[in-house]
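Work out the full structure: start from the sequences and follow the hints.
The listed protein sequences derive, respectively, from chains A and B. Residue numbers for the first sequence follow this note's numbering, beginning at 1 and rising by one. Residue numbers for the second sequence follow this note's numbering, beginning at 256 and rising by one.
Note that these hints are calculated values from the structure, not bench results. Careful: at least some of the hints might be erroneous.
[Claimed, not checked] Within a straight-line C-alpha distance of at most 20 Å, the following computed SDA-like cross-link-like pairs (lysine to any residue) qualify:
id, chain 1, residue 1, chain 2, residue 2
1, B, Lys398, A, Ala120
2, B, Lys398, A, Ser142
3, A, Lys143, B, Ser397
4, A, Lys221, A, Pro12
5, A, Lys70, B, Val315
6, A, Lys143, B, Lys325
7, A, Lys70, B, Glu317
8, B, Lys325, A, His52
9, A, Lys70, B, Glu308
10, A, Lys143, B, His374
[As the list claims (entries may be wrong)] Computed footprint of chain A on chain B, listed as stretches where at least three residues anywhere in the stretch have a Cβ under 8 Å from a Cβ of chain A:
id, stretch
11, 297 to 306
12, 344 to 357
[Said to hold, decoys possible] To give an idea of the interface, some chain B residues facing chain A are shown, with a C-beta separation under 8 Å as derived from the structure:
id, residue
13, Pro314
14, Val315
15, Leu318
16, Tyr322
17, His376
18, His378
19, Pro379
20, Val380
21, Gly381
22, Ser397
All residues carry an ideal CB built from backbone N, CA and C; glycine is no exception.
Number of protein chains: 2
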Amino acid sequence: MCQLLGMNANTPTDVTFSFTGFAQRAGNTADHTDGWGIAFFEGRGLRHFVDHERATDSPVAELIRRYPIKSRNVIAHIRKATQGVVSLENCHPFVRELWGRYWVFAHNGDLKDFRPRLHAHFHPVGTTDSEHVFCWLMQELSKSHAGMPSIEELTLTLRELAARIAPHGTFNFLLSNGQALWAHASTHLYYIERRHPFSQAQLCDEDLRVDFSAHTTPNDKVAVVVTAPLTSNEQWTAFQSGEMRVFVDGQCQAA
Amino acid sequence: MCQLLGMNANTPTDVTFSFTGFAQRAGNTADHTDGWGIAFFEGRGLRHFVDHERATDSPVAELIRRYPIKSRNVIAHIRKATQGVVSLENCHPFVRELWGRYWVFAHNGDLKDFRPRLHAHFHPVGTTDSEHVFCWLMQELSKSHAGMPSIEELTLTLRELAARIAPHGTFNFLLSNGQALWAHASTHLYYIERRHPFSQAQLCDEDLRVDFSAHTTPNDKVAVVVTAPLTSNEQWTAFQSGEMRVFVDGQCQAA
Numbered sequence: 001m002c003q004l005l006g007m008n009a010n011t012p013t014d015v016t017f018s019f020t021g022f023a024q025r026a027g028n029t030a031d032h033t034d035g036w037g038i039a040f041f042e043g044r045g046l047r048h049f050v051d052h053e054r055a056t057d058s059p060v061a062e063l064i065r066r067y068p069i070k071s072r073n074v075i076a077h078i079r080k081a082t083q084g085v086v087s088l089e090n091c092h093p094f095v096r097e098l099w100g101r102y103w104v105f106a107h108n109g110d111l112k113d114f115r116p117r118l119h120a121h122f123h124p125v126g127t128t129d130s131e132h133v134f135c136w137l138m139q140e141l142s143k144s145h146a147g148m149p150s151i152e153e154l155t156l157t158l159r160e161l162a163a164r165i166a167p168h169g170t171f172n173f174l175l176s177n178g179q180a181l182w183a184h185a186s187t188h189l190y191y192i193e194r195r196h197p198f199s200q201a202q203l204c205d206e207d208l209r210v211d212f213s214a215h216t217t218p219n220d221k222v223a224v225v226v227t228a229p230l231t232s233n234e235q236w237t238a239f240q241s242g243e244m245r246v247f248v249d250g251q252c253q254a255a
Numbered sequence: 256m257c258q259l260l261g262m263n264a265n266t267p268t269d270v271t272f273s274f275t276g277f278a279q280r281a282g283n284t285a286d287h288t289d290g291w292g293i294a295f296f297e298g299r300g301l302r303h304f305v306d307h308e309r310a311t312d313s314p315v316a317e318l319i320r321r322y323p324i325k326s327r328n329v330i331a332h333i334r335k336a337t338q339g340v341v342s343l344e345n346c347h348p349f350v351r352e353l354w355g356r357y358w359v360f361a362h363n364g365d366l367k368d369f370r371p372r373l374h375a376h377f378h379p380v381g382t383t384d385s386e387h388v389f390c391w392l393m394q395e396l397s398k399s400h401a402g403m404p405s406i407e408e409l410t411l412t413l414r415e416l417a418a419r420i421a422p423h424g425t426f427n428f429l430l431s432n433g434q435a436l437w438a439h440a441s442t443h444l445y446y447i448e449r450r451h452p453f454s455q456a457q458l459c460d461e462d463l464r465v466d467f468s469a470h471t472t473p474n475d476k477v478a479v480v481v482t483a484p485l486t487s488n489e490q491w492t493a494f495q496s497g498e499m500r501v502f503v504d505g506q507c508q509a510a
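If you want it as C-alpha cells, here you go:
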C-alpha cells in the first residue's frame, strides 16, 4: 500500500515540516520505496514533482525538504507498488485538466475488478488501477456538470462517485483542484486542523520539532490529512470507513 | 519574446550542458526573466518543472543544472512575457494528455487576434495565447484521428494546423509526445544533430566546454533545437520561415 499526505490552508503555507516526516516512510520508518510525488498549487498554477527513486534518496525530494514552496493546496504520495510496475508514469499524484483547472489525485489502496469503461477523453498514461479510476472520476465529473460547479455541488457528485467505487476494494484518496481538498477513507486516514493559538509539534518519524507560533499569524488556518498521524503530541481525528471530507481555507467543511 | 530549447535522442541523454547555457539567457546573456520551465519524458512518464522565478535564480533550475536527468525528449522554455501576467500557470511548457500519452508544448512568439473557439475538452488554465493555441492543437488532433496515429500521420496533420495558425503572428513552437519532437519556425530556430565521432563543444552563453566523446557511445544520436545557437564552435542549421521539422531517435526526418 501507499501513503497519502494532503494540506489545505487559507494562506500560502509551506509543507516542509510535514513532508520531512512523511518522506521518512519511504524506506526508513516504513517501506514505501517504489516512487513518490508531490503537487503544489499556486493559484491556478501547479508545480508537480514525481520520481521513481525512493523519497529518502531522491535529489528532487531533497529539494522539496529544503525549499519552502508555499501553497494553499498540496497533495503528496509515497508508493509501494501493488498494481503497475515501478516507473515514472505510475507515480502519484496524477494530473489532468478539466474546465480550465488542474486536478490532482493520489490513491492509497487496491481496487479489484474495477476497470470502468473510459469512453470520453481521459485516458491513463500508466498502468495503475489508481490512474484508471482518476480518469473515470474526471469523465463522470465532466458528464455531470457542463462547467465548473460550486465546491458544494462537486462534493455531492464526488460522494456519489466514491460510493460506487469503494465497494471494489480499498479506496483512500486525496483530490484537489486548487480551491478545495477532498479526502475519502476506506481504511486509514487522519486529519488535524491547526489554528491560533499555534503550539509546538513533534514529528513521529524523525527527531524534529517545530514551533508553529513562530511561523504563523493569528489568522492562519491549516488542515493536514495523512495516512497515519505525523506528530506525536497533537490530537489527530480518524476518518470513518466510507467517509469523505472536504477542506476549504484550512477547515473541514460541515458534512 | 521567449526562448525555446528542445532535445531528441535515440538513448536517454542528459541536457545539463545545453540547459546551463540556455538558462544564462534568463537575465545574464539575455532578458528572459519572467519564468521558465522544462519537461523530461522518461518512457511514457513525464517530469515537468515550471517556475515563475528567473532561471538564473530559481532553486529548481539549480537542481536541473546539477542533477543529470536522462531523457530521450526534452522541451525547455524561458519566458519574457508578451501576453499574460507573470505567474506559474502562464509558464511554458504546457502539458495535456491525449490518447493516453502526455503532450508537451512551448511557444515563442505572439499571436494577434487568434483565439479559435475551444468547443471540446481542452481549456487553458492560464491566460496566454500560447496555452490557448496548444489547447486548439490538441482539440484538432483529437478530431482528426480516432486514436494515436503514426508519427508520419501526426506530422501531416500538424503541418496543416501550423499553416492555419502561422499567418496570425510569430509561431515558433516545440511539441513532443515522448516519441518525437516537432519544431516549427516563423522567425528564429536552429538545430544540430550530434553523432559519432563526437567532438568538443563550447557554450556561447557561459565559459563552459564539454567533450561529448567522453560521455557517449558510437551509437548515440542527439538532436538539439534552439532559438539561437548554444555553442560557438559547431555548425547549426537555421530553419526556414514556415518550416516544420520532426525529430525521431536523434535525427531530423525527411520532410
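Which earlier hints turn out false for this structure, listed by number in ascending order? As far as the earlier hints go, only 6 is violated by this structure.
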